[in-house]
Amino acid sequence: MSLTQVYLGLGSNIERETHLRAGLEALAAFLVDIRCSAVFESQPVGIKSGPFFNFVVSAFTDLPLMELDRRLKFIEADNGRYAPDRKGLPLDIDVLLYGDLTGNFDGLVLPRAEILKNAFVLWPLSLIAPDRVHPGVGKNFATLWAEAQIDQELAPVAFDWRGEALTPEDLLSA
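Residue numbers for the sequence shown follow the UniProt record's numbering, so the first one is 1 and each next one is one higher.
It should be emphasised that the hints constitute simulated quantities derived from the structure, not laboratory data. Incorrect hints may appear among the rest.
[Said to hold, decoys possible] Simulated crosslink set (EDC-like; lysine to aspartate or glutamate; CA at most 16 Å straight-line):
#1 Lys73 to Asp106
#2 Lys73 to Asp92
#3 Lys117 to Glu147
#4 Lys117 to Asp69
#5 Lys73 to Asp94
#6 Lys139 to Asp100
#7 Lys117 to Asp94
#8 Lys73 to Glu25
#9 Lys117 to Glu76
All chains, full assembly: derive it from the sequences and hints.
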């Protein structure tokens, strides 16, 4: 059975640590070799709410794209994403890249456009996969981040999962 490398964007603005850790635990049940970028606090984009924590996960899966996306929606639902009385966004998990797939797959467009539009996606991607080439642009993520003209402020934040710090000390003290 072959595995496909995927990159997922995670974010939360309600009980951020709790929901992001719950999301990671749920992902660990069906993804292999999970690696996480540093975690960043950012102001919301497109909605009125409190600040978000965002980061990117790299992992491998044997699931087809649409099954992976379906499972991500279940994880979001389990964390209150679709509750009628929610006051923000408890957990958001987006497929950013699925192997080298490009195109529209039943409404899921890959690579995800937010990669190039949002600092809270591009900076973490440049840290976790600096040499990985964006399949639609042909430049690696380190170069794309260096050339980015995105007007969004991000602040690295201390965050741990399973006893391991995701955000390196040097990034926190910079």
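Q) Does the alpha-carbon distance linking lysine 117 and glutamate 76 stay inside the 16 Å limit? A) With a Cα-Cα distance of about 23 Å, the restraint between lysine 117 and glutamate 76 is violated, given a limit of 16 Å.
Fill in: Pair hint lysine 73 and glutamate 25, alpha-carbon separation not exceeding 16 Å
Satisfied, since the Cα-Cα distance of roughly 15 Å is no more than 16 Å.
* For the pair we were handed, lysine 117 and glutamate 147, check the Cα-Cα distance against 16 Å. => 12 Å, holds
- Is it true that the CA of lysine 73 sits at most 16 Å from the CA of aspartate 106? Holds. Lysine 73 to aspartate 106 sits at ~15 Å (cutoff 16 Å).
Keeping to a limit of 16 Å between CA atoms, is the pair of lysine 139 and aspartate 100 held or broken? Since the Cα atoms of lysine 139 and aspartate 100 sit roughly 13 Å apart, the hinted pair holds (cutoff 16 Å).
Does lysine 117 pair with aspartate 94 here, judged by a C-alpha cut-off of 16 Å?
-> 14 Å, holds
Legend entry - Straight-line alpha-carbon gap lysine 73 to aspartate 92, limit 16 Å: Roughly 9 Å separates the two Cα atoms, so the pair holds.
_16 Å Cα cutoff - pair lysine 73, aspartate 94_ = 9 Å, holds
Q: Decide if the proposed pair is consistent with the structure: lysine 117 and aspartate 69, CA atoms, cutoff 16 Å inclusive.
A: This hinted pair is violated, its Cα atoms lying about 21 Å apart.
When held up to the earlier numbered hints, the structure conflicts with 4, 9 and fits the remainder.
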